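Participant: Below, each chain spelled out in residue letters.
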Amino acid sequence: MQKSRKTARTSAATSALAMALAVVVAPAAAEGRLNLYNWGDYINPEVLQRFSEEFDVEVTLDTYGTNEEMLAKIQAGATGYDIVFPSVWMHDVMFNLGLLAKTGIGSHPDFKNIDQTFIRAKTDPQAEYCLPYAWGSVGIVYNKKVVDTPIKGWADLFAVAEAGKKVILLDDPRETIGIGHIMNGTSVNSVDEEEVVKATDYIIERIGDVSAFTYDSIPLVQSGDVAAAHWYVGANIFVSQMPDILEYVIPEEGATIYQEDMCVLESAPNRENAIKFLEFYLRPEIAALNVAQQMNGTPNIPALELIPEEIANNETIYPPQEVMERLQIFHDLGEDIRLYAREWRRLKTAAQ
Amino acid sequence: MMVRGTLKWRQAIALLGLLGGPTLFLGVFFLGPLVIMLIYSWLEPGLYGGVVWNFYHLNYGRIFGWANTRYEQFDPAYLRIFARSIWLALCTVGLSLAICYPAAFWISRQPEWRKNLFIFLITLPFFVSLIVRLFAWVLLLRPTGFINQALMGLGIVDQPLEMIFTGFAVVLGMVYIFIPFMFLPVYASVEKLDMAMVEASFDLGAGRWQTFRRVILPMTLPGVIGGSIIVFIPSLGNFIVPSLLGGAKVMMIGNLIEQQFLSARNWPFGAALSMVVMATVLVLLLVYVRQMTREDRAVAAAPEPTGDMR
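Those protein sequences? They're chains P and F, same order as listed.
For the first sequence, my numbering assigns the number 1 to the initial residue and increments by one for each residue that follows.
For the second sequence, my numbering assigns the number 1 to the initial residue and increments by one for each residue that follows.
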């Protein structure tokens, strides 16, 4: 459901217009092929370059903006893609739909590099199918010049809003209703009707102070038009460019976490190369190369030694254990997703 | 008889050749999807998108009032969103007409080369991606944007105006996008207006207002109505402008439909909403066509010419 993993470039509207951008990396007269289908700006092009040169494979990259968009395209019969990057809950969905191929990546000798806590998909407890790829928190990015005291959590965010400054929330039913769950102390995966209604009410009670629901909030926070916005850990890229103005925090009351897994499709035309790519990505130096550009979390333990110090020491990217315990990940809700859709519509119509 | 028969046959072949292609195109790319949507709107939603092939009436029940289960609840909000979309679309039509109608008159009085230049200028924005142009409006309308800074610099306002993420921004964005669609049909009928008629009206003693109401307006009405329809229909279903300039707080029917197909994974309900939109538009169009043909018949006192060769 998260639209843009790294930058504001892939917005809701651009993905709606299906501006598919294909990148091709190929050495001269490559033998094999490998076709990736990934979120926009969610892999370091250098990783593809290195793989392409080492294995003499032509790598193409197509992008999507949401899990649903990717699933719809694969379900509609799009063939030719070898590897996709679903969120953990979508990994479960795709497994249940029989769309994923067994890779045996979990029994590869280098799989010992992977932190076991990141094998999160319920349908794939031995990592026989997919490789945990990257993760990060969903928190708050704010403009230090506009707010009077630093924002530490959701309560502060809404206090800033109540004081008349502008704040933006994500245009995402589960993330935004999730804030209500966190504040009410209920699970972000709750399917109890009363709890979901109460979580929605938490946001509705404060909706008059929310300026907008959008993913494209970074430029407005940078310029100070908006004091704070609900955004992804990737905001650190902008924080590192404007350290005097911007700040990203993981809310003290708790937050959500996202994680994507790297999966091979059952319909993959180049399954052998796809498995080679998964194995290639187990190497610590490759995972570290990706993190250096993406500024997000990797489950690869030895890679942590190789990443730039300012990323490894950034507690919003690699939070201490006690903060990690306050982060919740979304599960697939099956049919109950419609409960959230219903409440989301109630929330949106309350805005007017 | 033989000759007539062959001639008719040839005409039929020619007609088939001329209309066959477009008919096939419309059949495959317009009627086909329409029928799929119609069928889907009466089916049960699948767990992960798609449909389950069981007859299911609650999709319409949610909109019109008989659904009451855990997931499918009647809510008047759907009709309210629908009514607001119609209202915003009507505002868009009204404002773009108010801009294009006088402009069309002025441009039609210009020398030939200037006319062409202005028409070119009006279509010029099409050369730039819609998304880029809408983001430009975000930059213009925001509190530290150009418009607010200019107004404050001139001392007209002391505080930035709330423009971005409001209904006003949505209508402004849609008027901006759809002006060329309104201008071209209006201009086409204004251009054809015979000034001799206007002079005749003045000679016969009509005043300015009377001339406008009884002569100019009826003669340019086809362009005005054509332009209004072409602007009304896409405004009604628009979802990009409300999500970018309305900050997704101003929900229109298009956003609701998009949400059903993506995050809610409820294709049948999205299809049912689309059907309601389409039915409304069709009813409006039918009323218009009937009105037009009735007027045509009233004007054409003579019997219709027959196509027979004598």
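What the hints contain is simulated information worked out from the structure, not anything from laboratory work.
Predicted, not measured: the structure shown is a model, and the values here were computed from it.
There may be inaccurate statements among the hints.
[Claimed, not checked] Going by beta-carbon spacing under 10 Å, a handful of chain P positions derived as facing chain F: (1) N96; (2) I168; (3) E193; (4) Y202; (5) I204; (6) E205; (7) R206; (8) I207; (9) G224; (10) D225; (11) V226; (12) G334; (13) A341; (14) R346; (15) K348.
[Said to hold, decoys possible] Just a sample of chain P residues kept apart from chain F, beta carbon distances all over 12 Å, derived: (16) G104; (17) D148; (18) K166; (19) D201; (20) S211; (21) L220; (22) S223; (23) P243; (24) P308; (25) Y318; (26) T349.
Where a beta carbon is used, it is the ideal one built from N, C-alpha and C, also for glycine.
Participant: Evaluate each hint against the coordinates.
Facilitator: Now the hints, each set against the structure:
1. A distance limit of 10 Å between C-beta atoms decides the matter here; for N96/P the minimum to chain F is near 8 Å, and the interface restraint holds.
2. Taking 10 Å as the C-beta contact cut-off toward chain F, the hint placing I168/P at the interface holds, the least distance being around 7 Å.
3. This hint holds: E193/P has a C-beta 7 Å from the nearest C-beta of chain F, less than the 10 Å allowed.
4. Interface hint at Y202/P: violated, since its Cβ lies 17 Å from the closest Cβ of chain F, which is beyond the 10 Å cut-off.
5. A distance limit of 10 Å between C-beta atoms decides the matter here; for I204/P the minimum to chain F is near 12 Å, and the interface restraint is violated.
6. Annotation: E205/P was flagged as interfacial toward chain F, and the flag is violated, the nearest CB pair being 16 Å apart, outside 10 Å.
7. The restraint placing R206/P at the interface with chain F is violated, with a minimum CB-CB distance near 13 Å, outside the 10 Å limit.
8. Taking 10 Å as the C-beta cut-off, the interface hint given for I207/P holds, the closest approach to chain F being about 8 Å.
9. Checking G224/P against chain F by beta carbon gives a least distance of about 6 Å; that is within 10 Å, so the hint holds.
10. With its C-beta approaching chain F no nearer than about 5 Å, D225/P sits inside the 10 Å limit, and its interface hint holds.
11. Below 10 Å, beta-carbon pairs count as interface contacts, and V226/P has one with chain F at about 8 Å; its hint therefore holds.
12. Because the beta carbon of G334/P sits about 6 Å from the nearest beta carbon in chain F, less than 10 Å, this interface hint is met.
13. The beta carbon of A341/P is positioned within 10 Å of a beta carbon in chain F (closest approach about 3 Å), and the interface hint is therefore held.
14. Proximity of R346/P to chain F holds as hinted, the smallest CB-CB distance being about 7 Å (cut-off 10 Å).
15. For K348/P, the interface hint holds, since its Cβ comes within 10 Å of a Cβ in chain F; the closest pair sits about 5 Å apart.
16. For G104/P, the condition that its CB be more than 12 Å from all CB atoms of chain F holds, with the nearest at approximately 26 Å.
17. For D148/P, the non-interface assignment is confirmed: its Cβ lies about 18 Å from the closest Cβ of chain F, beyond the 12 Å cut-off.
18. Look at K166/P: its CB is around 8 Å from the nearest CB on chain F, not clear of 12 Å, so calling it non-interface is violated.
19. With a least CB separation of 16 Å from chain F, D201/P remains clear of the 12 Å interface cut-off, as annotated.
20. Some Cβ of chain F comes within 12 Å of the Cβ of S211/P; the nearest lies about 5 Å off, and the non-interface call is violated.
21. Some Cβ of chain F comes within 12 Å of the Cβ of L220/P; the nearest lies about 6 Å off, and the non-interface call is violated.
22. The Cβ of S223/P sits about 5 Å from the closest Cβ of chain F, inside the 12 Å cut-off, so the non-interface label is violated.
23. With a cut of 12 Å on Cβ distances, P243/P stays outside the contact zone with chain F, its closest approach being about 21 Å.
24. Distance check on P308/P: its Cβ is at least 32 Å (rounded) from any Cβ of chain F, clearing the 12 Å threshold; non-interface status holds.
25. Distance to chain F confirms Y318/P as a non-interface residue, since its nearest Cβ pair spans about 30 Å, more than 12 Å.
26. Residue-level check failed: T349/P sits 4 Å from the nearest beta carbon of chain F, not beyond 12 Å.
Of the numbered hints given earlier, the model fails hints 4, 5, 6, 7, 18, 20, 21, 22, 26; all others are met.
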